[in-house]
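Here the protein sequences line up with chains L and W, keeping their order. Take my numbering: the last position of the first sequence gets the number 478, and nothing is skipped along the way. Take my numbering: the last position of the second sequence gets the number 767, and nothing is skipped along the way.
I should point out that these hints are in silico values taken from the structure, not numbers from a laboratory. We put the CB at the ideal spot given by N, CA and C, even for glycine. Take the hints with a grain of salt, since some may be wrong.
With a straight-line Cα cutoff of 25 Å, these simulated DSS-like cross-link-like pairs (lysine-lysine) come out [said to hold, decoys possible]: (1) Lys218(W) to Lys169(W); (2) Lys163(L) to Lys252(W); (3) Lys285(L) to Lys252(W).
FRET-style restraints, in silico, Cβ to Cβ [said to hold, decoys possible]: (4) Asp167(L) to Lys169(W): 57 to 67 Å; (5) Asn434(L) to Lys58(W): 37 to 47 Å; (6) Phe232(L) to Glu135(W): 29 to 39 Å; (7) Val739(W) to Tyr276(L): 33 to 43 Å; (8) Glu418(W) to Asn427(L): 48 to 58 Å.
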Amino acid sequence: MVSDTIQFLLNDKIYKIRNPDPNKTILNYVRNDLKKTGTKEGCAEGGCGACTVVLGELNYNKVIYKSINACISFLPILNGKQLILIEDLVYKNKPHIVQEALIKFHGSQCGFCTPGFTMSLFSMRKNYKSINNEIIEEALSGNLCRCTGYRPIIDAAKSLKNKKDQDHFKKNQNKTIHLLKKIKNIDIEINHHGKKYFAPKTILNLRRILKKYPNSKILSGGTDLSLEVTKFRKDIKTIISLNSVKKLNFIKKNKKLVEIGATSSLFEFQNLIKKYFLDFYNVLKRYGSVQIRNVGTIAGNIATASPIGDTLPLLLSLDAKVVIQGTNKKKTLPLNQFFISYRKTKLKKGEFIYSIKIPLNKKNIFKAYKISKRFDDDISSVCGSFSFFIKKNIITKASIAYGGMSEIPKRALTIEKDLINSEFSENTFSRAANLIDKDFSPLDDMRASRNYRLTVAKNLLLKAFYEIKDKKNIRIHS
Amino acid sequence: MKNEQLLKGQSIPHDSADKHVTGLAQYTDDVSEPLNTLHGAIGWSKKAHAKIKKIDLKDVRESEGVISIVTYKDIPGRNDVGPVFDGDPIFPKTKIEYFGQPLFAVAAISTELARKAVLKAKVTYEELKPIATIEDALKKNNLLFEPRIIKKGDPQNKIIRSKNKLKGKFNTGSQEHFYLEGQVCLVIPQEDNNLTVYSSTQHPSETQQIVAKMLKQKSNSITVLVRRIGGGFGGKETNFMTAAICALLSHKTGKPIKLRLDRDDDIIITGKRHDFYSEYEVGFNDNGKIEGLKLKLASRCGMSPDLSYAINERALLHLDNAYYLSDLEVKNYLCKTNTSSSTAFRGFGGNQGMMAIENIIDNIARFLKKDPSEVRKNNFYGLKERNITHYGMKINDNVIHDIFKNLLDKSNYKKRYEDIKNFNLKNNYKKKGIALTPVKFGISFTTIHLNQAGALVHIYTDGSVYLNHGGIEMGQGTHTKIAQLVANTFGLPFEKVKISSTNTSKVPNTSASAASSTTDLNGAATLNAAGKIKKNINNFIRDKYKIYSKIEPTYKNQNIYFGNRIFNFKKIIEEAYLNRISLSSSGFYSTPKINFDKKKFHGRPFYYFCYGAAVSEVTIDTLTGENKVDRVDIVHDAGNAINPALELGQIEGGFVQGQGWLTMEEVVWDKSGKLKTFSPSTYKIPAVTDTPDKFNVEIFEKGSNVENVVNKQKTTGEPPLMLAMSVFFAIKDAIASVVDYKKTPKLDAPATPEKILMSISELKSKI
């Protein structure tokens, strides 16, 4: 069964839109069509959080709340979900507890960013039973405020720590679940004056549609794809969403590896990887914002092949493999063979990424660093990732990769070679670090100069050494 | 003003706080559009310096949804939005002066279609060589005005005779305003060619005048309304381009037009903070006391004068910061560059001047191997002597000594200064630094005639009060504070006072909400209006109830007290109405005492000074240049604050904005004059974890204002931004530790990780 109508829940009512414009953002829909103007546009690229709305998603018999950037989310992704807007937080003329807190702590000045902050705090509140400073900072890192300096907003968030969640969403949860279940989970095929959107449920249907529309754009999180529309003012003629394909949303793990399905969100991935590679988690926490990581996927990050995609150098140095679903069968490729040149990969038309496999090895020592002008939600000037095997003070294996140093994220093969079979010592690392310009010839751009990139890349290798040697982290952010 | 009439600071929430958090606060883009509204977009230049050979708009015209196009040919009147000087054409006829300069605009049935359409223009350029940097402009003597020279005493001779001398160069960077609400305007045509203009501006009166002149209409045909704006910071003080183009589209089509700039367009088209370059030569004694100073101060003004003259003037008026300079010479160069016209930004040049002197003092201290805070103290203006500024103004409200002492104690500076040295000895790659910097900032527009304001107050027959004034609510809480003043003067609860949109048809000829003086000026005008109404009420009561004693009534608890005779406010208002007493009045205020001779650079340009000081402690990573602000202690003078919570918000928010300016915010142009940082993905303002871990902010307890400012308050608009200078010099201190403080680091602002790491490398190479 196939439907041309998307359905979602808003204020206890199921909204149905037949053949909506698949290039229309949720933000434009809310502001222009629904005439609800509480949600603001700040940047139209998911970089300021003023447009934050929350989606309620049915997960077994629970509603999971996700904050997202409405400015870079296409309308059809609402299908089957509950949309919660800033206006909906007020219940019977009484502001929500997070709204009360922001008023009480003087958390708004000009007020333009405030609805976005409110929604981020609301989402945090719904998802965490107990709140600590780390959770607060993470929840707010995707919202920019130019007036307050954040202190009063942080204080407002902290004040929620010991308060029970008894809001109207909680009280109404059974009804919400009942209504969400009423929306039939079937394939979506939209045709809006020739602009098409497909959200198949099975891999079989996905492959069938991909075959028919080999030039279509694949939508996973859409945080990069949507910029084609919101920044470059293009029409995307055919979009195929992977998000309804249940089989692509999985996480498998055994002793030897973890495998992450293509549509698992970065947020899910970050919580999984924490156990195995803490530094991966630390870098991921600074990848975009919660709003981005709630929808963005690791497969999407790989497919865009950005030279500064922060998960890529980390995956490279962990010897990750990418599983590609071809037109006929699956094939597995080491990630370092996947990238061809600037934003080009070995992914052919009609193919898609099925999953990522990360080998687990208890004996390797893993270090990763992201260097950027701003700590939160910034793009790396340099991202360095290091994996070592050290046996009796000899480096037996070194897997080193950098982002921001080349047109693609790349392994530092000369340095690796120089390190292997050498003594684990400062001399060795200083010698190897000096080979950095054999492996990379970075560019000057607005983020950093070539000179800085080379110096930092070198220093990060040394930093990894010092941290391993002294068995403690040397970082200014704890 | 008698002290008992002053409002004891009441920290009530911002009057719109409940609307902010629920999404009900209306900004310009949220105003209900009439059904036939069209949407605009601006087509702009892709070259920084070029002659226009041809603009082919055929494909634009034929693009889906396009209804109309405007070019310079459609402008009936003045083709310029320059506020003081000409130089900012709405659409240039022949010559392009910057990357991003508007060339034409379209109206279409939706914003998306309008934005798509403008990309289809085919512009043929004849490229000219751009001048993009201060260095280049100085070399080619490409200046907006003749260099300005100010001189006091005999600095050359003093420097020669000084025991110690230093020379150096220093840069501070530009800054993008990044107000969260971008430039936006809605124009609705009315009868008689009149226009109602909703605009996100700090300056409705000038918007009105600029639109009127452009359309060759009288000012009385244009009404500008502003309920609130989503941040301004100076970026909406003179940026009239959006409103002008929107009005032009409406004029041509006869339809309501909404013009909302996309974030990228906003950053590319509109001006930013002036970056400054300075060269100095200074002579000083062994205590670090400055004996003679020669300074060259050059700024990137962009392609037009805009407010650059006044901004550079404020830099000249603040290069003393809190320090007495006996012998001084400054040469000031206003560089014309092929970049967007640099404009007002919180601090308005003052902060750039202050950074120049703070850098000099810091270098003096490092040269003498002294604690920089001591050297700063040694140079402070005196209370009884050494208290005349380089522009001849006697300082009679100096509290910097008190604040300094207070802050030293509160922050435990001396001990931490030593602790940090120990920490740095023990840590190889993480280094800490600490710095204490003062702020003295002059309040008033230095263009004297701007120091005026108007207001309009009504009391309705039910006793509720309606209030208009010329100030713009941009987050600073001016509406809340002025409503508090009005409630206090009428003895009413806050809820009885309603402030509405700023509206040029209610209060005319207003000045921009700028120069930190919005509440000072408009609050005083409002109290003037309220005072007139009170006089009417008082006379009415005296007449009717035969009160012959000269006793002055007090308004309190919704009553009016004449000694022991009590009148209920609401009842008296009803009675007054029935007795045909006027319950409405306009009000006016002009700042007394100020004068400034611009030619002689002499006089009293400021009504009063704001003071404050901050201690910042930072950690840097010497392998990567990353940095973090660990702790900040601030003591800031807000006078007798009307609403301490709102002042605290200004102090903290200003600080973090200044921290952004001096650390991570980096505006980058390439050699061809193309802006490379124009979105949140490339331009970084502070985010949540950049807020200092420990942030102890205190409003100076003994604060008052020696002048007769409303409620004896001191404004907190711009001055707190400069408190963040302490962050920059703490970073420099941390860098110095890498060579055990033996050499002085060379560090320019913003201190990005890259600049920090390069500074470290350079410093190490000297040892």
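Evaluated hints:
1. Our distance criterion of 25 Å between C-alpha atoms is broken by Lys218(W) and Lys169(W), whose separation comes to about 50 Å.
2. Distance hint between Lys163(L) and Lys252(W) is unfulfilled; the C-alpha atoms sit about 57 Å from each other, more than 25 Å.
3. For the given pair, Lys285(L) sits about 51 Å from Lys252(W) by alpha-carbon distance, which is inconsistent with the 25 Å threshold.
4. At about 58 Å, the CB distance of Asp167(L) to Lys169(W) agrees with the hint of 57 to 67 Å.
5. Distance hint check: the CB atoms of Asn434(L) and Lys58(W) are about 58 Å apart, inconsistent with the given range 37 to 47 Å.
6. Taken as a hint, the range 29 to 39 Å holds for the pair Phe232(L) and Glu135(W), whose Cβ atoms sit roughly 34 Å apart.
7. The supplied range of 33 to 43 Å is met by Val739(W) and Tyr276(L), whose beta-carbon atoms lie about 41 Å from each other.
8. For the hinted restraint 48 to 58 Å between Glu418(W) and Asn427(L), the CB-CB distance of approximately 36 Å leaves it violated.
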